[in-house]
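Please work from the sequences and hints to get the whole structure.
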Amino acid sequence: MTAARYDVAVVGAGPAGACAALEAGRHGCRTLLIDEQGQAGGQIWRAKSRAILRAPPTPESQSGDRLRAALENSPVEHRTQARVWHLEKPADGIWRVHLLTSNQLEEIPAKTLILATGARERVLPVEGWTLPGVLGLAGTTALMKEHWMVPGGDTVVAGSGPLVFFVAAEILRLGGRVGAVATLNARREWARALPALARRPQILSRGLAWMRVLRRARTPVYWRHGLRKIAGERRVQGVEIAPVDNTWAWARRALTPAKTLAADSVCLGHGLLPCTDAARLAGAGVAYKPALGGWTPAARADGGTNIAGLWVCGDGAGIRGADAAQAQGRLSALAAVAAVAELAPEKAHALQSRRRALLRELNRAGHLGMALTALSIPRPGWVRTLAPDTILCRCENLTQGEIAAEIEAGAGSANAVKCATRAGMGACGGKYCMDAVTRLIAQKSGLGLAEIPLPTARPPLRPLPLSALAADSDDFHRRLFAALEPAPL
Amino acid sequence: MTRSIRNRRAEIRLGETVEFSFDGKPVAARAGDSIAAALLDNGVPAIRNTPANRASRGLFCCMGLCQECLVYVDGVKTEACIARVGDGLQVRSIPLSESRLRPHSR
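Just so you know, the protein sequences line up as chains A and B, in that order. Quick note: the first sequence uses the numbering used here, first residue 1, plus one each step. Quick note: the second sequence uses the numbering used here, first residue 1, plus one each step.
For the record, the hints were derived by calculation from the structure and aren't laboratory data. Please note that a few of the clues may not be correct.
Listed next, with one range per pair, are the computed distances between beta-carbon atoms [as the list claims (entries may be wrong)]: (1) A/Arg300 with B/Asn53: 45 to 51 Å; (2) A/Pro488 with B/Arg54: 34 to 40 Å; (3) B/Lys25 with A/Ala69: 50 to 56 Å; (4) B/Glu19 with A/Ala91: 51 to 57 Å; (5) A/Glu408 with B/Arg54: 26 to 32 Å; (6) A/Arg215 with B/Ile12: 21 to 27 Å; (7) A/Arg355 with B/Gly75: 48 to 54 Å; (8) A/Asn306 with B/Glu19: 50 to 56 Å.
Covered stretches of chain A (chain B as the covering partner; in silico rule of three or more C-beta atoms under 8 Å from a C-beta of chain B) [stated by the list, open to error]: (9) 40-50; (10) 213-226; (11) 326-340; (12) 428-438.
For each residue, glycine too, the CB sits at the ideal point set by N, CA and C.
Here it is as structure tokens:
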């Protein structure tokens, strides 16, 4: 029986996780905040690299600086550059958080666990998307926020949702060139998001500023257009842009030659996906919610799950944006605090009214996040734009044709396709292929996306060097593999 | 035509320069850069060849998830978008010879 070192362990130091940790620390809990980056902030408030001594402030850099300062002045212990690769809760009811840090393994006991693992982006495969020079949209924002670098000499920005315009404007404001913007959305879809945007005037005016930058630069914007092809020998050399219909399939008039443009870099992305691997590995159930990005951990408003002592918050619990993430992080922390601490009645009462205020804040903040997510959601016609040669699984170099053949031969689930083809077994663990694979299964089988579960969650959550594992005892390996059950096909 | 747009990159102040090597070739960078960012800034988006068909691959997700930018740093396989440059650091691309070829690779 190990004495628990921490009352609360928080995984992820973005807006949700950092706020959760700050809140738990504020109420006297011994709190550990774990993140793989060197500094807190997650993706949206990513800190500048140390190569940049001084830079003009942005709203995000200011929010991030405030958050990092708050953490420094708090009793929270912040473990940086540490990756969580496994989560266990044995019979004693204490969580074991398995970390990989500088090639060594560590096991951290904690009474309660808050997962704030955030989101990653969805990039729908396109012919040539594996060429060097193609970056994800969210990846490009990470590059620009951290390194103040543009992705290339002459960039085409494409995809769906608001990030398309943000990235294009930001590249221009960093002195870069944008040859074209191709958005799968139509203008009227943005008009539908206006009511939600109007309730957040600061955000609306930022969006309008992006469009002004594009207009001033005279960047061509192709509405309802997608990338038919990214061309190049060993790197991006050009793109073909073609019109789509409102299901995102190639428009009939796309039979005429597509627009061809020279480019040496492409930024491509289609919305955000909650990172649910850790929550699912910890035993949380999932629910399919398209408005929140797809599969989300099944959780209550305060992030409480079906697993005792486990809460989820932030974009990892469903895409709602940074403001909602902060409120939800604090709510999860309050719930964890109530679970571990003996609170005096007045204190408990005060926390209850704080909890009610945070719930209102969460409710209000989530609306805009969901309106913007709606713009990114892939439409069913997209899957018809895949050519047999288009790579779906980057890690294992598997094409649409190879995976479609297995589905036609009877592989009717993500697990079955994974077993038959190795899609999802490569180094990225299915992060960049499984969304497209499930859409292909849906198209061929007629099943709805909600009826096609994700592949069974397995440790390690991230790649582990064998040298780190080999040093550990046999008992550890027995514990690691003993609890695994076969994946349902 | 970007004259009328304020170039914010021109307003930043950068830290000390360092030089590392990638497969023996010198690469100029700033202390604090990630290896992948420094390579991209030097016009090198390609980082490795995929074992299945030797296709060129490079930086993609920029956040340590996709594993496309793996390189050897001091003999340890690591993501170039996470690992930082260092003066005199020797970075090597993953040799094809040690990667498993798929049984039915094209």
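Comparing the hints with the structure gives:
1. A/Arg300 with B/Asn53: 45 to 51 Å: 48 Å Cβ-Cβ, so the 45 to 51 Å window holds.
2. A/Pro488 with B/Arg54: 34 to 40 Å: At roughly 37 Å between Cβ atoms, arginine 54 of chain B and proline 488 of chain A fall inside 34 to 40 Å, so the hint holds.
3. B/Lys25 with A/Ala69: 50 to 56 Å: 40 Å, violated
4. B/Glu19 with A/Ala91: 51 to 57 Å: Between glutamate 19 of chain B and alanine 91 of chain A, where Cβ atoms are some 55 Å apart, the hint holds.
5. A/Glu408 with B/Arg54: 26 to 32 Å: 29 Å, holds
6. A/Arg215 with B/Ile12: 21 to 27 Å: 25 Å, holds
7. A/Arg355 with B/Gly75: 48 to 54 Å: Hint holds: Cβ distance 51 Å, inside 48 to 54 Å.
8. A/Asn306 with B/Glu19: 50 to 56 Å: 54 Å, holds
9. 40-50: holds (count 3)
10. 213-226: Three-residue rule met by the segment 213-226 of chain A, so holds; n is 4.
11. 326-340: It is violated, with 0 qualifying residues against the three required.
12. 428-438: Our answer is that it holds, as 3 residues pass the Cβ test (under 8 Å) against chain B, meeting three.
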